[in-house]
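K.L.:
With the hints as extra help, turn the sequences into a complete structure.
There are 4 protein chains.
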Amino acid sequence: MTNFSKEVMHVGEMASGAKLTVPVYRLKGSDATAPSVYIQANMHGAEVQGNAVILQMLELLKATDLKGDITLVPYANPVGCNHKNGEYTLGRFDPITGVNWNRMFHFNEAAIAPFVATHLDSNIATIEQAFSELMLADIDQLLDHNIYGLTTGQRIAYQLQRLAHQADLVLDLHTGPISSKHLYCPEYARESASYFDIPHTLLIPNDFDGALDESTFCPWWTLQEQFAKHGRSFKIKKESFTVELGSQEQIDLDVALDDAKGILSYLQYKGVINQAQYQPKEMLRYACYLKDYKAFYSPMGGMVDYLAEFGQPLPAGEPLARILRMDNYGDGDPLHYISLDHEVIPILHFASASVNQGTELYKVFSKFSLL
Amino acid sequence: MTNFSKEVMHVGEMASGAKLTVPVYRLKGSDATAPSVYIQANMHGAEVQGNAVILQMLELLKATDLKGDITLVPYANPVGCNHKNGEYTLGRFDPITGVNWNRMFHFNEAAIAPFVATHLDSNIATIEQAFSELMLADIDQLLDHNIYGLTTGQRIAYQLQRLAHQADLVLDLHTGPISSKHLYCPEYARESASYFDIPHTLLIPNDFDGALDESTFCPWWTLQEQFAKHGRSFKIKKESFTVELGSQEQIDLDVALDDAKGILSYLQYKGVINQAQYQPKEMLRYACYLKDYKAFYSPMGGMVDYLAEFGQPLPAGEPLARILRMDNYGDGDPLHYISLDHEVIPILHFASASVNQGTELYKVFSKFSLL
Amino acid sequence: MTNFSKEVMHVGEMASGAKLTVPVYRLKGSDATAPSVYIQANMHGAEVQGNAVILQMLELLKATDLKGDITLVPYANPVGCNHKNGEYTLGRFDPITGVNWNRMFHFNEAAIAPFVATHLDSNIATIEQAFSELMLADIDQLLDHNIYGLTTGQRIAYQLQRLAHQADLVLDLHTGPISSKHLYCPEYARESASYFDIPHTLLIPNDFDGALDESTFCPWWTLQEQFAKHGRSFKIKKESFTVELGSQEQIDLDVALDDAKGILSYLQYKGVINQAQYQPKEMLRYACYLKDYKAFYSPMGGMVDYLAEFGQPLPAGEPLARILRMDNYGDGDPLHYISLDHEVIPILHFASASVNQGTELYKVFSKFSLL
Amino acid sequence: MTNFSKEVMHVGEMASGAKLTVPVYRLKGSDATAPSVYIQANMHGAEVQGNAVILQMLELLKATDLKGDITLVPYANPVGCNHKNGEYTLGRFDPITGVNWNRMFHFNEAAIAPFVATHLDSNIATIEQAFSELMLADIDQLLDHNIYGLTTGQRIAYQLQRLAHQADLVLDLHTGPISSKHLYCPEYARESASYFDIPHTLLIPNDFDGALDESTFCPWWTLQEQFAKHGRSFKIKKESFTVELGSQEQIDLDVALDDAKGILSYLQYKGVINQAQYQPKEMLRYACYLKDYKAFYSPMGGMVDYLAEFGQPLPAGEPLARILRMDNYGDGDPLHYISLDHEVIPILHFASASVNQGTELYKVFSKFSLL
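Protein chains in written order, with the numbering used here: chain A, 1 to 371; chain B, 372 to 742; chain C, 743 to 1113; chain D, 1114 to 1484.
Just so you know, the hints here were simulated from the structure itself, not pulled from any lab data.
Quick reminder that beta carbons are idealized off the backbone N, C-alpha and C, glycines included.
Don't take each hint at face value.
Covered, in the sense of this in silico footprint (three residues per stretch, anywhere, with C-beta under 8 Å from a C-beta of chain D), are these stretches of chain C [unchecked claim]:
| id | stretch |
| --- | --- |
| 1 | 792–806 |
| 2 | 823–831 |
| 3 | 988–1000 |
| 4 | 1044–1055 |
| 5 | 1085–1095 |
P.N.:
Printed below as a string of structure tokens:
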């Protein structure tokens, strides 16, 4: 039976002096050569289901042959988790600055070229070790040596990133607003996407936009590309995914058990665990490049009856939604139907019926293929 | 075929000078002696489904033999409707003052006794007419003659109340957060509750707490009671209900059609329309006195997996919910089950999985009977 | 030199499990017969200056001959203190329910008459002791014996009230939005108001509306009234004040030192301390009955240039403010001047230039006299 | 006497169907060769003082010899202006998406090189005309031809930008939170900065970050740079500034009159008006490069007594602020002083006393020179 240790990480403090803390669970694997794993949940306040997945993973791992180390961090963002306004949980962006909590991670691209220059002839193990240390030193530098200080979100993000840098495999558990399950996967790790029980995969390029997944795979991918420029091939061990578990503002422990098993299937594939019953489910899996993942913005203000089913190709011309505009009744059109002129797969829609002109109504795979 | 007229009512203005307006639809009945009706929707920003019900009613009424006048007001609260913070619609209370928009209506109980004293010997028609005029004059006085002014919410509420005072039957269309359908019904109108297609009825006493329904039936009920003290029996024609249509933040036009038919069933019963196909559905109907309608507050902070099914009696000891507390994993209990020691009917629960200690988790019928 | 002890009181927990705590400082006086004191600050999130006053009091009390016990509670509301949305601190009402945090205290008026009936012949000391115990038992009952639970705000309020019930003198440190200093004082304690260095006093009646001051003096005042009905005179020792220290969202440690000295002047007068240098300042002191303390609501939406000086009588017809309405430029009046037809003393105004029609612009003494 | 025309521009609609409108004032100059001007205010909801400046400009321009055309847009952001939560105006970022309203303007850098390639031999007038048309066509394309639509903020921004593109001189009137007056000025227009009555100038490079000023000068500056690469010198007529008028949440019509005169001094310098009395005031003017404009983030949570005076060099080691931490009283340090190890000029500080660890406390010129 697997044992775990538990720590409480301090990541900030509030105006009253209240400490912001994050629980960190660590499981020790039996094989130092097996990949290590970092999993966090609830970076956005309303996206809570990942916490339940972590609970179910901890329960399942009790009876699992664990090879690699696993670090699990629920409630990763203690400001976001508790950020209420009205009945709902805001927590998508810092309430003071408006910055998305998952856009504050760090990647210093300028550090890669000099590193490559000094390691052109190093062996793989040396490179991996030295590069890991560079990434960690870079974060430590930010956390500890800045007289002008860090933002609230950077302080949280960098401490999480420090943990994530120490793992080979990184999973950031999110949810959409009202959403089907989908996966953000770097293009180079496409093969791994089939081992999750998630039918929709977004293939993302090597562009850094501040998210945790990018902040942990972009350095390695860039390293690979820089070595390639020098004619040296370098296989990346690091994989980072953002796992979108479904809809926000919901906890469902039964669904969480399924989600946990899907993650264990991926960990089995990667050799983190040795437990053959965890295998991917048979399902149709679709892939879409990030550039083809389109947001559809409402062409009008109104109140929306969302019609399109998630996850299935929707033929051109079929309605995504109809928008109620009672103020038009009698002298206009009280119902407006929305459709597109090409086939799409609807992945998620806005959390509320009430939308302004320009509110993001749907996100869809506008082009897609089988994974 | 029924015709309607449409007006735009000005109810306030914002800091930029933007006008706050409310559309008002009026349908003229063929029989001046038939009861008149006032229906409004969306007094709370997130409770949008009533707007769709008004659309469906207008459509159904096109082919209906209309006896009484009907006034329909969607988007009754133009501040609340558009009050976003994050993806959700707040709009339950004034963002500046925190006051619930549906607690600002008016009832001046002190005006009743003098009225009764001067009408002890008047006939019913005279009393009804004079009392209606008194109610309207009272509202007009508030709206027009106050050098210190009115709050934003009073100005909106009083203008709506002025319309509601002019009708015999008043329906205020609301929703719960995540909720089954239920009806707030004054105790004296219990019989009417069976004509709506709503399985759960709350019987409310003659206590004024600022809501529209109370503000329109309390005066008449108090009038009746005061006449009764003088030995005169007086049957109230006025009926006011708050109709809770289900969950907030959702528009479903198909469900709205059913809801509209349920309301027409009530209007058929009251003689507002003459269209025999609108009859109440057969269903088990439960009643609960308001004092027995209990809010259950979370005994702890945490993230909630809501378990209890709405609308069905839940036996004593059966779980309402389980609360996840991942921070307790390893040194406490990560799951806490909630139950009660007596049978209840769960009616609604909180809109979010994330709750603080003391957040209202559920509202339940703690005692109930068949209607 | 005075010593103090410090505790941390748990008053709730958030969704992530984070504990809500409040620091409690206790100073022990040398004379058990001297009045005891309870002072809290920051019940509303933005009203922070009271925390600085508590700091300065603790510093001043180091060199003070202390007779009575003093309990000091800064950061009394740990949810409100940390409730940000945008740059400002909200924290005036529960973000989930909209209820004002200072309207959740408890007073069970029905308990007084039975108490009086059983103590008609008791001596004063017995009555005071027994009544204190009754108040505490009532609160303990609420906190500990309610299967349906308490709201978040009640749990905080009742725990503070439990401390306040144990003191003879209660000060609740608040601020206005943008405001002069003023004092809420029960009518019976009018004489004490002259000992604070506060030029404006509101005399409030024995009406309970949920605030801490009322929740601690209303029981005693009602007790006095009930004894009076039975022909027994009973002098109240309990005094409770809400002290409005100026404007919110500001900390000024120098002003706080003055405020602390003003409070010590009152404590010297009551015999809590024995330090003759703390005497009230000479100043013109105005009094106004609560019924004459009027809110002026903006007659229009717009952006306000506040003109009237605080604290001085403003003659009839002199402008309180002018409201900018640029959208009217060219086809209306871009500036609207606000005045009243009678003399008033402006006490506070709204925190922002931007107001809706019906926003509370000013609060004024509409009738007043010298204290 | 100058005449103006007034339009109402539709920029969006809300969930209830309410139209979002912006008033546009246009003054016609007498000289078609004089530079034209675009001035907007209140892009961020709380930054209202610019509206008053526009009022005072309109009043002053009545008696001004106007050569160039002027377009004036108060209340530029009708969502932001009216976005209240609590007493304050949020309106800095879209409440739904968290995106800063002044980061949604457009600049398509990729369009410049092809334009230059086709106009290497064109004359200046042709280039200016053709480039203006390109900029406008680009915006029109975005507004009208996008099946997936625009965000709420883009729709507002692009319509404002269309107006700004048509002017030679662009002023965007903002304010800081609690702030001294300062000016964002592109490095190439440094000379113009002396004509405003603003003592602190930030010199900004040719980097586009989404703000209106950048979106209007970056295209021209880039055009200049691209022509320079081809050996052709090209003097930019376009100048765009963000004018920070002082503190937010305040209207002061007297200060606005001064601000309006300062702007007229700049317009006199540029030949837009011919009214010699408008001359810059004598004052010490400081300049700082944007890279040296530093935000200082709070090293701890707490409540801040801001000490440093705005606008004056603060010697190394002198306190910027002291932070109160009452919870540390007795077992820590209740007051923490903040200072820097080098001289700075404090320009603005946070709007509230309550800060989290990592909240932006101050912005300062960390290196500076005379303008």
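K.L.:
Evaluate each hint against the coordinates.
P.N.:
Quick rundown of the hints versus the structure:
| no. | hint | verdict |
| --- | --- | --- |
| 1 | 792–806 | holds (count 5) |
| 2 | 823–831 | holds (count 8) |
| 3 | 988–1000 | holds (count 5) |
| 4 | 1044–1055 | holds (count 3) |
| 5 | 1085–1095 | holds (count 4) |
Checked against the numbered hints listed earlier, the structure breaks none of them; every hint is satisfied.
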